[in-house]
Amino acid sequence: MRKLETKTIVVASHNAGKIREIQDLIGPFGFTAKSAAELNFVEPDETGTTFEENATIKALASAEASGLPALSDDSGLVIDALGGDPGVYTANWAEKPDGTRDFAMAMEKVEAALETAGASKPAQRAARFVSVLCLAWPDGHTELFRGEVEGTVVWPARGSQGFGYDPVFQPEGYETTFGEMSAEEKHGWKPGDAEALSHRARAFKIFVETCLEA
Numbered sequence: 001m002r003k004l005e006t007k008t009i010v011v012a013s014h015n016a017g018k019i020r021e022i023q024d025l026i027g028p029f030g031f032t033a034k035s036a037a038e039l040n041f042v043e044p045d046e047t048g049t050t051f052e053e054n055a056t057i058k059a060l061a062s063a064e065a066s067g068l069p070a071l072s073d074d075s076g077l078v079i080d081a082l083g084g085d086p087g088v089y090t091a092n093w094a095e096k097p098d099g100t101r102d103f104a105m106a107m108e109k110v111e112a113a114l115e116t117a118g119a120s121k122p123a124q125r126a127a128r129f130v131s132v133l134c135l136a137w138p139d140g141h142t143e144l145f146r147g148e149v150e151g152t153v154v155w156p157a158r159g160s161q162g163f164g165y166d167p168v169f170q171p172e173g174y175e176t177t178f179g180e181m182s183a184e185e186k187h188g189w190k191p192g193d194a195e196a197l198s199h200r201a202r203a204f205k206i207f208v209e210t211c212l213e214a
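In terms of UniProt numbering, the sequence shown opens at residue 1 and continues consecutively.
Please keep in mind that the hints were generated in silico from the structure rather than gathered at the bench. Some hints here could point you the wrong way.
List of simulated lysine-lysine pairs, DSS-like, C-alpha gap at most 25 Å [said to hold, decoys possible]: (1) 109 with 121; (2) 34 with 3; (3) 121 with 96; (4) 96 with 109.
Construct all of the structure, not just a fragment, from the sequences and the given hints.
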């Protein structure tokens, strides 16, 4: 495993919510970070069929364009009753004909698909959020870190915090959705904490333990 020696990196994303969460996570470690969106980098085509492949595509594109290490995230909602969908196509389910994304529409699509599948009871609506972080260097070296959190898809959507599908995902052991949690409740984690809640925070915990800690 390669250690990250610099405190200047690029967050390889154009997703405002994701950028905010990653910057919240890396901020306490003293990083100076700009996003691929701020730097006007072209979004690479995510042609992979796994979270790992797409995270790698994005991180390498930003690392090569900037000459700096880049940290990307590829994440999604995996629903058992839908055969793993939307999975790596989580963002695609929110795409509108004009190219913008509407996650309220996407959540309605998920609910309609679950109804079609006959998944009306909580036990039939098991799901997990998956996040894969990729740290890439300009020389092409990459490290991958995967985090998952189990839960249930609920309806109607609850809460206006977070982004994406957060309002319909209730993590295991909680009575609230990610959409009802503050950023601190959802992914607040710091070194020394035994556990992290969100999928992204869990992946980040592994990243810290692997690439930042001595």
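> Given the hint that residue 109 pairs with residue 121, does the C-alpha gap stay at or below 25 Å?
Replying inline: holds (17 Å)
>> Does residue 3 sit within 25 Å of residue 34, going by the straight-line distance between their CA atoms?
In response: holds (20 Å)
> Does residue 96 pair with residue 109 here, judged by a C-alpha cut-off of 25 Å?
Replying inline: Holds: residue 96 and residue 109 sit about 12 Å apart, inside 25 Å.
> Given the hinted pair residue 121 and residue 96, is their alpha-carbon gap at most 25 Å?
Replying inline: Violated, because 30 Å separates the two Cα atoms, which is more than 25 Å.
The structure fails hint 3 only (numbered hints given earlier).
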